[in-house]
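Engineer: Add chain B to chain A, keeping to what the hints say.
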Amino acid sequence: MAHLCLFSLLVLSMVLETQALTPTHHLTTTDVARLQAVLSQPFTDLKSAYYSVVGLSKLGILVADADETCQFIKSNLDPSSVESLFYAAEASQALSGCEIPVSNDTRDLLLATVSEDSTASQIHQSVSALSSLGLPLASQEVVSALKARISKEDNVLTIILALQTASRLSQQAELGDILEEIEDLAARLDDLSGVYLQFEEGLETTALFVSAAYALSDHVDMEPPLKEDQVIQLVNSIFSKKSWDSLSEAFSVASAAESLSNNRFHVPVIVSAQGPAAISHSQPFLRLQVTDVLCQPLSSASVLVESASTSSSKSAILSQAPFTLRDEVFELNFMASQPASGYYQFSVAIAGDSRFVANHVELKVKVSTRVAINNMDLSVVDKDQSTGPKTTRVEYPTKAKAPFMADSHQNFAMAFQLVDETTGVELTPHQTFVRLHNQKTGQEVVFVAEPDSKNLYKFELDTTERKTEFDSISGTYALYLMMGDATLENPILWNVADVVLKFLDEEAPSTIQAKTLYTPKPEIQHLFREPEKKPPTVVSNAFTALVLSPFLLLLILWVKLGANISNFTLSPSTFLFHIGHAAMLGLMYVYWTHLNMFQTMKYLAIIGSLTFLAGNRMLAQKAVKRLEGK
Amino acid sequence: MSNSVFSVISRFVEEYRSSTPNKLKVIDAYLLYILLTGVFQFLYCVLVGTFPFNSFLSGFIACVGSFILAVCLRIQINPQNKRDFLTVSPERAFADFLFAHTVLHLVVVNFVG
Numbered sequence: 001m002a003h004l005c006l007f008s009l010l011v012l013s014m015v016l017e018t019q020a021l022t023p024t025h026h027l028t029t030t031d032v033a034r035l036q037a038v039l040s041q042p043f044t045d046l047k048s049a050y051y052s053v054v055g056l057s058k059l060g061i062l063v064a065d066a067d068e069t070c071q072f073i074k075s076n077l078d079p080s081s082v083e084s085l086f087y088a089a090e091a092s093q094a095l096s097g098c099e100i101p102v103s104n105d106t107r108d109l110l111l112a113t114v115s116e117d118s119t120a121s122q123i124h125q126s127v128s129a130l131s132s133l134g135l136p137l138a139s140q141e142v143v144s145a146l147k148a149r150i151s152k153e154d155n156v157l158t159i160i161l162a163l164q165t166a167s168r169l170s171q172q173a174e175l176g177d178i179l180e181e182i183e184d185l186a187a188r189l190d191d192l193s194g195v196y197l198q199f200e201e202g203l204e205t206t207a208l209f210v211s212a213a214y215a216l217s218d219h220v221d222m223e224p225p226l227k228e229d230q231v232i233q234l235v236n237s238i239f240s241k242k243s244w245d246s247l248s249e250a251f252s253v254a255s256a257a258e259s260l261s262n263n264r265f266h267v268p269v270i271v272s273a274q275g276p277a278a279i280s281h282s283q284p285f286l287r288l289q290v291t292d293v294l295c296q297p298l299s300s301a302s303v304l305v306e307s308a309s310t311s312s313s314k315s316a317i318l319s320q321a322p323f324t325l326r327d328e329v330f331e332l333n334f335m336a337s338q339p340a341s342g343y344y345q346f347s348v349a350i351a352g353d354s355r356f357v358a359n360h361v362e363l364k365v366k367v368s369t370r371v372a373i374n375n376m377d378l379s380v381v382d383k384d385q386s387t388g389p390k391t392t393r394v395e396y397p398t399k400a401k402a403p404f405m406a407d408s409h410q411n412f413a414m415a416f417q418l419v420d421e422t423t424g425v426e427l428t429p430h431q432t433f434v435r436l437h438n439q440k441t442g443q444e445v446v447f448v449a450e451p452d453s454k455n456l457y458k459f460e461l462d463t464t465e466r467k468t469e470f471d472s473i474s475g476t477y478a479l480y481l482m483m484g485d486a487t488l489e490n491p492i493l494w495n496v497a498d499v500v501l502k503f504l505d506e507e508a509p510s511t512i513q514a515k516t517l518y519t520p521k522p523e524i525q526h527l528f529r530e531p532e533k534k535p536p537t538v539v540s541n542a543f544t545a546l547v548l549s550p551f552l553l554l555l556i557l558w559v560k561l562g563a564n565i566s567n568f569t570l571s572p573s574t575f576l577f578h579i580g581h582a583a584m585l586g587l588m589y590v591y592w593t594h595l596n597m598f599q600t601m602k603y604l605a606i607i608g609s610l611t612f613l614a615g616n617r618m619l620a621q622k623a624v625k626r627l628e629g630k
Numbered sequence: 001m002s003n004s005v006f007s008v009i010s011r012f013v014e015e016y017r018s019s020t021p022n023k024l025k026v027i028d029a030y031l032l033y034i035l036l037t038g039v040f041q042f043l044y045c046v047l048v049g050t051f052p053f054n055s056f057l058s059g060f061i062a063c064v065g066s067f068i069l070a071v072c073l074r075i076q077i078n079p080q081n082k083r084d085f086l087t088v089s090p091e092r093a094f095a096d097f098l099f100a101h102t103v104l105h106l107v108v109v110n111f112v113g
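Taken in sequence, the protein lines are chains A and B.
Residue numbers for the first sequence follow full-length UniProt numbering, beginning at 1 and rising by one.
Residue numbers for the second sequence follow full-length UniProt numbering, beginning at 1 and rising by one.
Extracted from the complex, chain A is given alone in its bound form:
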């Protein structure tokens, strides 16, 4: 027995921990009013009349001039068109006391349209017209026609129209197969990042699907195979668009909204705080609006706070506290539990109807308070602490009468306490600044006052230490205390006192440099690579002569040695050789001055080969001569 209890407790705790989706998009009252305005536009033809009249009836609004509208419908009716009959029949059904005359031909036309050869749209229109006009129809025939149609055309709109048609048939008919189509269609929906669920065909198709699915489910009294999260995702998709392109789109949204508020199985609940979810002593009630998707308040609901805990600690301040209903708004006096200021996490449950979907909501509630400054003590302390500090107490919001003097031997100190005005609890706001403002130069310096372990705020100004922040400008500074926090209702800017500061080594107050960040910078002069220092031309020329001089020496020596040119055989090859050789040397010079390697190689190849052949010849002859001479 104990084990069973424990197990069920475990399961229950696991179930409660799963985060259910809550709608992120829903229609507000202004959106509903806009929808109504769109549908109330004066209609130009029967189709727009149908959308307007039936759309408004879905929103629960009656058309203003029923008789005039009825006349309009009757005059625009074309009895030979199934579509026209459909619009007229449906619109007249929505108006009270409007009867469309039906002839036998009309009935025959409508009955004849119910066949496999008509489109799903035609079948839907004829069946709806027959049903609205109160004419008998053969449900089984319709079912078989629809099934044949679905098997031929498998697109989403066909199946949606089939669902709508089936909801108008007799309950005895075999609607099981068509009912299964809801599940197949639901599988075709696209899940967008876990928030939206819609058909790729768009908003209108998704909205029509919702109204058709719930219409059929209500008709056969079987819960549609849509999970709670899927229903919420559909709500997000359908109600995320707040202005509608066409009358048919507005109609589909109104129709979906009506079916989601009024069906027998799933009713999504929209919980929103009235105004900002903030509580204070002046406004101790947390007000919540609990409505369905059409912004109609759910008065039958009972709203309960399951737990309310601070965002930092998880200890619950409230548990299982009910909201009271007043003027269609649920309110709770949270201040009665005397919460400290800060942010609280509320877990709210809405009960009262088993159809409610998304009935667990997490809210973040802010509790603000007013702050009071206590024991503001200003003192001037000598650094060597030879004399005791002179403390002056200042009351908020007055200013200290005498200015305080502090020069390099003294420190200026400030101590105060921040408490909640009503409860007296110590507070530590996010922003506690001490601002010193020099009225003459316009300079201001801001410091942070920090609390010590006992939540007592202290601020100390050492003139020598803080010299740089003040730019060593002595003078009278107005001292302000600035305080602010998200949970404070009364942020404070308090001119506490005037402080006269004297700095040593006062430089002439430099004019505050305007930011030179965005002015043109000094131009950089590019230094080109300077050519290397060359020696004077005289030196170069002298050395050139020196280097060339050994050639003369060579010639002299050769003449002295008697190098003979006498063996110069006058044969063509010798000539050619010498000319070729000279040409090669000439080519070298030309290469140095004009040519590149490739051109040189080209010429060298030509001249070289000639010289080689000639030289070969010549040397061979010489060798023969030498051998002969031996």
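Misleading hints may appear alongside valid ones.
If you anchor each label on the Cβ, the simulated ranges turn out as follows [said to hold, decoys possible]:
| hint | chain 1 | residue 1 | chain 2 | residue 2 | range |
| --- | --- | --- | --- | --- | --- |
| 1 | B | V8 | A | N596 | 49 to 57 Å |
| 2 | B | K82 | A | V590 | 17 to 25 Å |
| 3 | B | F99 | A | R626 | 19 to 27 Å |
When the alpha-carbon atoms are kept at most 27 Å apart in a straight line, the in silico DSS-like pairs for lysine-lysine are as follows [to be verified]:
| hint | chain 1 | residue 1 | chain 2 | residue 2 |
| --- | --- | --- | --- | --- |
| 4 | A | K625 | B | K82 |
| 5 | B | K23 | A | K622 |
| 6 | A | K147 | A | K227 |
| 7 | A | K364 | A | K241 |
| 8 | B | K25 | A | K622 |
| 9 | A | K458 | A | K399 |
| 10 | A | K383 | B | K23 |
| 11 | B | K23 | A | K625 |
| 12 | A | K383 | A | K560 |
| 13 | A | K622 | A | K560 |
| 14 | B | K23 | A | K560 |
| 15 | A | K314 | A | K399 |
| 16 | A | K147 | B | K82 |
| 17 | B | K25 | A | K625 |
| 18 | A | K390 | A | K502 |
Here's a subset of chain B near chain A, in silico, CB distances under 7 Å, partners left out [to be verified]:
| hint | residue |
| --- | --- |
| 19 | K25 |
| 20 | F42 |
| 21 | Y44 |
| 22 | V48 |
| 23 | E91 |
| 24 | A93 |
Hints are computed from structural coordinates only; laboratory data are not their basis.
We treat Cβ as the ideally placed atom computed from N, Cα and C, and that holds for glycine.
Structural biologist: Frame of chain A; chain B shown alone:
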């Protein structure tokens, strides 16, 4: 001491004058010319500076290369070395000398800038 050195030198010069064939003396004069040219280039570099360095290098390499090639030619032409160079006739040595010089000149002129 200096006396023996002086006598060695004079003896060497005498030997050289008498026993060296004329062809070799021609080549030796050429070698002296190349040497002096190289020395003077180096002197310039030491005294004045290495700008432009590539020109100095190419000139100096030209001298060194020419010296080496001429020495090779001298060795190959010397009849006393005939036994070492059976496959190389003096004409062939001269042809090799010219070809090598062509390549050297190409390189030097490319580098002199």
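Engineer: Which of the numbered hints above does this structure break?
Structural biologist: 2, 10, 12, 15, 16, 20, 24
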